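All chains should be built: construct the whole structure from the sequences, respecting the hints.
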Amino acid sequence: MSSNIKAIPTGEKESVRVAYGKALVKLGEKNEKVVVLDADLAQATMTNAFQKAFPARHYDCGIAEANMVDIAAGMSTMGLIPFCSTFAVFAGRSYDQIRNGVCYPKFNVKFGFSHAGITLGEDGGSHQAIEDLALMRVLPNMTVFAPSDANECYQCVEAAAEIDGPVYIRTARLASPVYEARPFEVGKGQVIKEGKDCVIFTCGIMLEHTLEAVQRLQEQGVDAALVHFHTIKPFDKELALAWALKTGHVFTVEEHSVIGGLGDAVADAICGKGAFTFQKIGIDDVFGQSGKPADLLKEYGLDGESIASKILAK
Amino acid sequence: MEVRELEKVAKQVRRDIIIMTNKAGAGHPGGSLSCTDALVALYFDVMKGVDPADDKNPNRDRFVLSKGHAAPALYGTLCERGFFGREEFDKFRQLHGILQGHPDIKKCPGVDASTGSLGQGISIAVGMALGAKHTGNPCHVYTMIGDGESDEGLVWEASMAAAHYKLDNLTVILDHNGMQIDGTNDQVMSLGDVWAKFQAFGYDMIEVKDGNDMQQVLDALRAPACPGKPRFILLQTLKGKGVSFMEGQVGWHGKAPNNEQAAQALKELED
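Chains as they are written, first to last, in the working numbering: chain X, 4 to 317; chain V, 19 to 289.
If you are wondering where the hints come from, they were derived from the structure by calculation, not from laboratory data. It should be emphasised that the depicted structure is a prediction, and the values quoted were computed from it without experimental measurement. By construction, the Cβ of each residue, glycine as well, lies at the ideal position given by its N, Cα and C atoms. No incorrect hints appear here.
Cross-link-like lysine-lysine pairs, in silico, DSBU-like; alpha carbons within 35 Å at most:
#  : chain 1 : residue 1 : chain 2 : residue 2
1  : X       : K55       : V       : K151
2  : V       : K151      : X       : K29
3  : X       : K109      : V       : K215
4  : X       : K9        : X       : K25
5  : V       : K151      : X       : K33
6  : V       : K124      : X       : K33
7  : X       : K9        : X       : K29
8  : V       : K151      : X       : K25
9  : X       : K25       : X       : K236
10 : X       : K236      : V       : K74
11 : X       : K36       : V       : K66
12 : V       : K41       : V       : K66
Between beta-carbon pairs, the in silico distance windows are:
#  : chain 1 : residue 1 : chain 2 : residue 2 : range
13 : V       : E105      : X       : Q46       : 54 to 64 Å
14 : V       : D73       : X       : K55       : 33 to 43 Å
15 : V       : T153      : X       : A278      : 54 to 64 Å
16 : X       : K249      : V       : D73       : 51 to 61 Å
Structural data, given as structure tokens:
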């Protein structure tokens, strides 16, 4: 692809959840206040790396996600920085605890919730979180990250520890391309590619697939801009509006319901501030199902080819 | 503190509860009156490091009112202990008041956790006790749960964890007045053998036959911790204790006394 793309593949592949586990170990070495809590999924959330490195700082709370979150809330009042880890789908199960136990008193608790979206794959719709960004975005005091790749996940974990208050980090199971680390600032979007015909806003591991879509569009003579948001909240409204105004045609792409996620964050930022066409591309208010991640992305129209054809159809 | 003095404070707190709920025209007097004696014992005798001038002292003992709707009892106790002035009672449940409908750590001095969503306080208290152990903080964590609250699964998840982590720096107090909003515990959701159930979860158990008797409450709260086990104190209490027409009445769970009723209640609660 052309050299003006500011997402440079390293050639490696690693799932963001694996990076999360490694990032916690790095963070744990620097900051002894960091403790990690699991709900009997340390083997899957990859926090077993932290467990191995710092056994006395890892607490397995058993299969009781709600209790894990409130235990973390209590631990934070003793000056600790607890990272709660489980599947993103259990954000719903522990939601009252995240809301009232952590966000309402603005306790310093972090949530590294993995296996988000349909790319969770074979476990099926019961386990594929398509609503977690919406649930987390709506809570006052919460910061919401959706890193694109392993390197950005390191940046999000480090930033989370610096923030005094609750932080949600959405990670995926699927191994995805690792890009060279880009300059990272909480709450700031990244212009991955400039373009004049339309703009695509994306987040999380959809960066890979929107990059493919941009290439396909280029081949069809459409010069699309691509902007990635690792921070869904606080949202970089200025950047979103600037590119909406610059191009006049706005598309949002996320591995999440079209209701309440990145698309709505963009809509909040640009609605009523100019004349644009606007289309949200995501999970169209349906649950997922079992399947291979690549097949699921195709089925739900989130692979590069499907994204490009939806944009071309506009 | 002398038992007689504590009883005097408890009576004042009961008057505060009536005054607050009457002025607000809302609140939960029944379950506040049942747990008043234990709260006074905690804040005026048992808890170490309680200091209105330094309410963020990291080594202070903590209290979490898991049955957060009994906020009037906590507010009365904190006020008598000197955390804020009586003028705050006027703004109980009112706009810009520090005395929110349920305790708010961000707004009210002396409050150690925001509670009200039932089941969460005990779980947060478990986290505090675990965090204290982790950091070597010598504090003791107390939490009070309700019997209606014990319908919540989280109470039992938290209890399992308290025993698992051997939290002998944690005391869970059950205000067992036998009633909840929709009726008695047995009508709504029977707790069965509540002693056996909590004991089976791994607590070191103490029963207080009359949880509204200051001496009995003090004896239980002052009992030395059992190494390796969290403590559970089963307080047998009377809902609406101290106000004749509220005692044992389900209807006074979440209803405020009108002016006439408040006047009668205050008369009954005179020293």
